[in-house]
Every structure is written in C-alpha cells, then in structure tokens.
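Colleague: Here is how the chains run, residue by residue.
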Amino acid sequence: AQSVSQHNHHVILSEAASLELGCNYSYGGTVNLFWYVQYPGQHLQLLLKYFSGDPLVKGIKGFEAEFIKSKFSFNLRKPSVQWSDTAEYFCAVLTNAGKSTFGDGTTLTVKP
Amino acid sequence: DAGVIQSPRHEVTEMGQEVTLRCKPISGHDYLFWYRQTMMRGLELLIYFNNNVPIDDSGMPEDRFSAKMPNASFSTLKIQPSEPRDSAVYFCASSIRNTEAFFGQGTRLTVV
Chain U
518 AQSVSQHNHH VILSEAASLE LGCNYSYGGT VNLFWYVQYP GQHLQLLLKY
568 FSGDPLVKGI KGFEAEFIKS KFSFNLRKPS VQWSDTAEYF CAVLTNAGKS
618 TFGDGTTLTV KP
Chain Z
6 DAGVIQSPRH EVTEMGQEVT LRCKPISGHD YLFWYRQTMM RGLELLIYFN
56 NNVPIDDSGM PEDRFSAKMP NASFSTLKIQ PSEPRDSAVY FCASSIRNTE
106 AFFGQGTRLT VV
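If you read the protein sequences in the order shown, they are chains U and Z.
No gaps in the numbering here: position 8 of the first sequence is 525 in the working numbering, and each next residue is one more.
No gaps in the numbering here: position 41 of the second sequence is 46 in the working numbering, and each next residue is one more.
There could be a bad hint or two in this list.
Stated by the list, open to error - With a straight-line cut-off of 30 angstroms between C-alpha atoms, the simulated DSSO-like cross-links for lysine-lysine are: (1) U:Lys-616 to Z:Lys-73; (2) Z:Lys-83 to U:Lys-616; (3) U:Lys-578 to Z:Lys-29; (4) Z:Lys-29 to U:Lys-566; (5) Z:Lys-29 to U:Lys-616.
Claimed, not checked - Listed next, the stretches of chain U that the computed footprint assigns to chain Z, with coverage defined by at least 3 CB atoms under 8 angstroms from CB atoms of chain Z: (6) 555-563; (7) 601-613; (8) 617-629.
To be clear, the hints were calculated from the coordinates, so they are not data collected in a lab.
Every residue, glycine too, gets a C-beta built ideally from N, C-alpha and C.
Kindly produce the complete structure, drawing on both the sequences and the hints.
Modeller: The following block contains the structure:
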C-alpha cells in the first residue's frame, strides 16, 4: 500500500523567508503527485500537480515543487513567503488504481 | 459548475442519534471520496467510489459508519449511532480518474 510522509509537522517562518516542505512517498508503481493547501477554516485546494514531463512544476501563488524519482520525493518550495501563506499544506499521491493518499500535513505559520 | 456540494455545513447532534452527511460531486467526475479530518488523526480517507461502486472502504472506522452512492450525482455518509469521538470535519471530494481531487467545503460534525 502507498504511504506519504511529510517530515515537518509545524514550520514557523518570518515573512520573506524561503520555504521548503519535505514530502516522501512509498509506492512501487507510477504515481501522480499533488500539493494541496488548506487555509484556516476552509477546504483543501490544489496548489500544484505533477503527472509527467518536467520534474520541476510551478503552481499558484509562487509555489513550485520538484519530483525526484530516485528519492521518491516531491518537496514544495517558495522563495519568499508571505503572511497570507499561513495554512496547512498536504502532499498527496494518486496511484493508477485511483486511490489518493495524503500525508499528515504541515502547518505553516508566517510571522508578519 | 458549482463544485462539490456538501450538506449540511454544520451538524450538532446528541450521542446515539443517526447522522447523514450528503455530497453532490462535480458532474462528469467518476471518483468520489469521503475523508474525515481531526486534529489528532489528520486527514483520513474513509471510503471511495468509482462509477458509484465502492472500491475501498478499509478506512471506515466501524460498522456504525456506512456510505452509499445510489447514482453518479449523490452520495451519503451515515453514522448510526453517533458518538462524541465522531466529531470532526467530513470532506467529500470528486475527481476524474488520475487527476486531482476537488474538495467540498466540508461538514463540521459535533456530537455532544
């Protein structure tokens, strides 16, 4: 069965700091990879996705993620965070069987 | 399209009562997922359907939980009898195979 591991449970940064959130997955087959964001009191929304092709994918709001197949990783990055980026971030894996598995989430707090 | 629609948005019920959560997926989507989110356990996949057929219900916590999808445009998650530990936010999501999931706004359930 697939699993997703997010290394950081809670990250606290000051505005303009750079962000990197780790995500590793365990699955032997082909996967599609996603990062979702959940702002306080809201539902999950898609930040970016990787299906194939260029392993560096760009999403909304200046976020990007890099798929490194050899490391089974899909880390999320942003060069300069803003206070409005305060949210919970989820990494997810979708197998070709149609099943999505989410990581436990990382709570990001950006101090103004 | 209005997105994934869940009802009710909030539900407060007494222990022992039956609770029914409803979900209308995005038209044309052939996968439907039910998730539960709590502070303690994070985001848990309860069950998912493909073309109205339950594919994996291994995440359903107990026999008190049941889910149905009588047609492509409607699904229910029922808890009978409800218990205080069932208090959580329940999300429904839908997708087209091998693409990202779109989440509803969630139902916040409180069992007192």
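Colleague: Compare the structure with each hint and give your call.
Modeller: Against the structure, the hints:
no. : hint                  : result
1   : U:Lys-616 to Z:Lys-73 : holds (18 angstroms)
2   : Z:Lys-83 to U:Lys-616 : holds (22 angstroms)
3   : U:Lys-578 to Z:Lys-29 : holds (29 angstroms)
4   : Z:Lys-29 to U:Lys-566 : holds (24 angstroms)
5   : Z:Lys-29 to U:Lys-616 : holds (19 angstroms)
6   : 555-563               : holds (count 5)
7   : 601-613               : holds (count 4)
8   : 617-629               : holds (count 5)
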